[in-house]
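Student: For the sequence shown, our numbering assigns the number 12 to the initial residue and increments by one for each residue that follows.
No lab work stands behind these hints, which were simulated from the structure alone. It is possible that part of the hints are untrue.
[Unchecked claim] Simulated restraints on C-beta separations:
1. L93 / V124: 36 to 44 Å
2. K89 / K21: 21 to 29 Å
3. N13 / P58: 25 to 33 Å
4. I127 / K103: 39 to 47 Å
5. D120 / D145: 12 to 20 Å
6. K125 / N153: 33 to 41 Å
7. P58 / V124: 19 to 27 Å
8. V124 / K26: 22 to 30 Å
[As the list claims (entries may be wrong)] Mimicking BS3-like on lysine-lysine, the simulated pairs with C-alpha atoms at most 27 Å apart in a straight line are:
9. K60 / K125
10. K130 / K161
11. K89 / K125
12. K104 / K161
13. K43 / K125
14. K18 / K103
15. K89 / K159
16. K18 / K159
17. K18 / K118
18. K103 / K130
19. K21 / K125
Ideal Cβ placement from N, Cα and C applies to all residues, glycine included.
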Amino acid sequence: MNITPSKLNKFLIFKLPAAYFSGVRSTYLDDKKCTVTVKHRWINQNPFKSMFWAVQGMAAELATGALVMKKIEESNQKVSMLVINNNASFSKKATGRITFECSEGFKIDEAIVKAIETKEGQTVWLNAKGLNTDGIEVSNFNFEWTLKVKSK
């Protein structure tokens, strides 16, 4: 299956409904980057009238995870993936449409190649920054993904 933004959004309905109903949507995916957006709405706000941090986290994780999924598919190998660590910082209220982008596909390529060669699990840190419509950073997420080739 070729992974596309449209297929990712359908995937959300069935596998990650909280993200789907919160408004998280994939808008762009290629070999280098993935872009995910989410709009501040009543259903995803906190008591301070900005976007709840967990909704931002779902969007940021999808931006990194979709890129990992695409790279695994392209490797033609059975590779498991799991977040083992993450951290985030918040610098401004998240209102309006927030766009998260991960542009670190090259890091995933290196980790998958090494996992295949060594038959050992590898980890890779991926970053997704959340920018509002003015291009101002509102949040910054880092996810440590572990990748391991499944034995046949």
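Student: For every hint, state whether the structure bears it out.
Tutor: Hint-by-hint comparison with the structure:
1. Restraint check, L93 to V124: a C-beta distance of roughly 19 Å breaks the suggested window 36 to 44 Å.
2. Between K89 and K21, the C-beta spacing of about 23 Å keeps the proposed range 21 to 29 Å intact.
3. Between N13 and P58 the beta carbons are some 42 Å apart, a value that contradicts the proposed interval 25 to 33 Å.
4. For the pair I127 and K103, the supplied restraint of 39 to 47 Å holds, since their beta-carbon distance comes to about 41 Å.
5. Here the CB-CB span from D120 to D145 is close to 33 Å, at odds with the stated 12 to 20 Å.
6. Evaluation of the 33 to 41 Å hint for K125 and N153 yields a failure: the beta carbon distance comes to about 20 Å.
7. For the hinted restraint 19 to 27 Å between P58 and V124, the CB-CB distance of approximately 46 Å leaves it violated.
8. Our hint of 22 to 30 Å for V124 and K26 holds, since their Cβ atoms are close to 27 Å apart.
9. A hinted pair counts as satisfied when its Cα atoms are at most 27 Å apart, and K60 with K125 does not qualify at roughly 45 Å.
10. For the hint pairing K130 with K161, the CA-to-CA distance comes to about 9 Å; that is within 27 Å, so the pair holds.
11. In summary, the hint linking K89 to K125 is supported, as the alpha carbons are separated by about 14 Å, within the 27 Å threshold.
12. Under the criterion of a C-alpha separation no larger than 27 Å, the hint pairing K104 with K161 is inconsistent with the structure, at around 42 Å.
13. The straight-line distance between the Cα atoms of K43 and K125 is roughly 18 Å, inside the 27 Å bound, and the hint therefore holds.
14. For the given pair, K18 sits about 31 Å from K103 by alpha-carbon distance, which is inconsistent with the 27 Å threshold.
15. A threshold of 27 Å between alpha carbons decides the hint, and for K89 with K159 the separation of about 8 Å falls inside it, so the pair holds.
16. Proximity of K18 to K159 is assessed by CA-CA distance (about 24 Å); at most 27 Å being required, the pair is judged to hold.
17. Of the supplied pair hints, the one linking K18 and K118 holds, its CA atoms being roughly 24 Å apart against a limit of 27 Å.
18. Between K103 and K130, the direct Cα distance comes to roughly 42 Å. Violation of the 27 Å bound is thereby established for this hinted pair.
19. Distance check on the hinted pair: K21 and K125 sit about 31 Å apart at the alpha-carbon level, beyond 27 Å; violated.
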